[in-house]
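Participant: Read off the chains here:
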Amino acid sequence: MKIKRIAIKEIQPDFFFHFTTPRDLSDLIASLDQGGLMTPLPVLPAASGYRLIGGFSRLAAASHLQWTHLHCRLLETERPVSEHLVHIVKSHMLSRPLNPVEQARLVAMTDLLVAEAALRRLLLADLALPQHGPRLEAYRRLAGWPQPVLDYLSRTDISIKHAAVFDLLAPDEQIFMAQWADDNGVRPVELGRIITLCREISRRESAPVVTVFQAAVAASSFIENRQQHVAAVKKTLTQRRFPALSAQRDAMLADERRLQMPRSVTLAWDRTLERPGVTLEVDLDSKQALLDLQKWLGDAPQISRLNRMIER
Amino acid sequence: MKPFTLRRLLIDRRVENRPLTRQIRAQLADLKPEWLEDDAAIAHRLASLSLTEGKETLLITQRSGDLVKPCPATNAPYLCCRYTVINQAWQCPMDCTYCVLQGYLEWPVMALFADTERIESQIDVLQADSPRRFFRFGTGELADSLALDPLTDMAAHWIRFFHGRKNCLIELKTKSDHIDGALSAPPGNAVLAWSVNPPELTLREELHTATLEERLSAARRAQDAGFLLAFHFDPMVIFPGWEAAYQRTVEAIFSAVDPGRVVWVSLGAMRFPPALGDVMRSRFPGSPILNGEMIRGIDGKMRYIRPLREALFRCVAHAIRQYDPELFLYFCMESPWVWKRVLGKAPYDNAELDYWFARSVHKRFPELKMTPPNPSDYCE
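Top line first, the protein sequences correspond to chains A and B.
With numbering that gives the first Met the number 0, the residue at position 141 of the first sequence is 140, and numbering never jumps.
With numbering that gives the first Met the number 0, the residue at position 243 of the second sequence is 242, and numbering never jumps.
In isolation and in its complexed conformation, chain A is listed as follows (with noise of 0.2 Å):
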């Protein structure tokens, strides 16, 4: 293993082995700046200068340093530049778990580069990935999404089972509700549910998807707060998918709210109504805890509440 120190000018990153989400670098910075680079930086000799395959970040920290020069690992041009691509994901994946997004990248990479069928088993098995079937395309396909999407599904720690919920979508689909939920802090799986209900909604009343997404978002869009507006988004697109089961958990909701329970009784319901009636849990730890239930019990209108919730 060679080392050298290089200048910066003569380094080429080349960002098709870029597999790595961007990230926030200032305490990389703040790291190089204190303890200097531990690590050197993979290059392959070029024509002109060097070509960098790994380390983008810790390059972007010392540019930002204003550094002149690197050490650097010549890597061996001889040998092929799988191998190294195997090397430099091993090291990676010590210091931290790799994101669907990372791993979808590197299995694109793996497709285009390497052919050697060992070092391909090889490089899946670090991944932790299938040689072939379902989840290994699913992965292929998810590196193929559009920008924005990846830029999103990276900011998160998603599993690519929750991602695949994309795979549901037309690209143009996919950026809109990216950025929509990327805009609203809406989290993946989250956002998966989203878009399950309105799949179903499109399919059962034959409209598109982003339509019927858009037309929630639109009856929601005068709520300011982040949050009121995505729970209200879901709201709509709940009562859209289940109008009965929707029109009787509001029922329910709304005899609870009138019921004036006494402090000592908690009340509980089964929101999917498959087990009828309620749960009342009481606590009785005083006299007059008893005496308060004794006399909600005995008040017509809460027993007819009560008793309506029952029958539903």
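Treat the hints as calculated values from the structure; they're not laboratory data.
A portion of the hints provided could be inaccurate.
Across the chosen pairs, the derived CB separations fall in these ranges [unchecked claim]:
| id | chain 1 | residue 1 | chain 2 | residue 2 | range |
| --- | --- | --- | --- | --- | --- |
| 1 | A | E77 | B | Y103 | 55 to 61 Å |
| 2 | B | W336 | A | R257 | 21 to 27 Å |
| 3 | A | E77 | B | G102 | 20 to 26 Å |
The calculated SDA-like cross-link candidates involving lysine to any residue, where the alpha carbons are at most 20 Å apart (straight line), are [said to hold, decoys possible]:
| id | chain 1 | residue 1 | chain 2 | residue 2 |
| --- | --- | --- | --- | --- |
| 4 | B | K300 | A | P275 |
| 5 | B | K339 | A | T271 |
| 6 | B | K339 | A | K233 |
| 7 | B | K344 | A | R311 |
| 8 | B | K339 | A | R307 |
| 9 | A | K160 | B | E292 |
| 10 | A | K160 | B | R280 |
| 11 | A | K234 | B | E292 |
| 12 | B | K339 | A | G276 |
| 13 | A | K160 | B | V278 |
| 14 | B | K300 | A | I309 |
| 15 | B | K300 | A | R307 |
| 16 | B | K300 | A | R192 |
| 17 | A | K233 | B | N290 |
| 18 | B | K344 | B | K368 |
| 19 | B | K300 | A | R240 |
| 20 | B | K68 | B | A127 |
| 21 | B | K300 | B | N349 |
| 22 | A | K234 | A | T265 |
| 23 | B | K344 | A | I309 |
| 24 | B | K165 | B | K362 |
| 25 | B | K339 | A | E199 |
| 26 | B | K339 | A | R311 |
| 27 | A | K294 | A | R239 |
| 28 | A | K234 | B | V278 |
| 29 | B | K1 | B | H207 |
| 30 | A | K160 | B | G276 |
For glycine and all other residues, C-beta sits at the position ideal for the given N, C-alpha and C.
Since the structure of chain A is provided, determine the placement of chain B on it from the hints.
Facilitator: Okay, now just chain B, sitting in the frame of chain A:
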């Protein structure tokens, strides 16, 4: 009903000389069989077939283990009836969009297990273990009981096998009108049963099946030949105009047959394991059947929300009660809450429901000369 096409006949060499194999080979003399030597060869051959190809492929083989067993049912709190299933056949040539077998069976083809004698001895053992219990046997759990009967002639075989047996009925459940074979046997303890749905649903979702009219015409013939009848509204589906459509279906049934000859009617709303939804969507993307308001039930199956199921059941139960208040109605895989809300009562558990069947059959069909049922004979 249109005849179905059989393109492949696969035969396990080990059952070459069984009567069922010989019967089918004689019926399919023009179809050259593919011989498979063992389980590995079968698995290898079946791996390349899709479910759609499997609908045109018949495999005759054998199977170890119990072929007669309690219906797998579903988990509590949903109640099931303790039906005893005879799994001599898997799959059928019909293609219902909602069919749970699409995602349930390990093989994509129609399979027949030629070890008939072993099935018979398992039935003997089961009845000998509980001689006072009334058993309902059925061949229509993992297959349609009569769809392949013109080939297999098994309906008449089973009707004759059960003829004169005490404390049991054999139910042959179908969506076909292939009853000629069954009608060639004396009715005895046999119930010919039809799964029914409104014609608008049958045409769209029950592909290659007999129309409702054909089914009811067959039911009328079965009744005239002295058979007991049963009907299964299962799976009931919600669609625009369902209420009137189901009422018309009940009217059509009892215009065709005498409710006094109907031994039971089951009601079951559309339900399926979530994974089946993906299979249904991929095989029948145009089917609206998954668009209903469904939740994941307590047993993990997708099902309509309870208030909608109750409305479905109330509608049909009320219509049936107009014809015969005594007719035995039961729910398949329903909660005790739904039982109580729709029929005003719920069995305590599956065993009690099993007893209710016996009590009803004993009371309504004394000619069967059943042992008077005693609840203690039905305890788990």
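Participant: Going through the earlier hints one by one, which of them does the structure break, listed in rising order?
Facilitator: Hints 3, 6, 9, 14, 15, 18, 22, 25, 27 and 28 not satisfied by this model.
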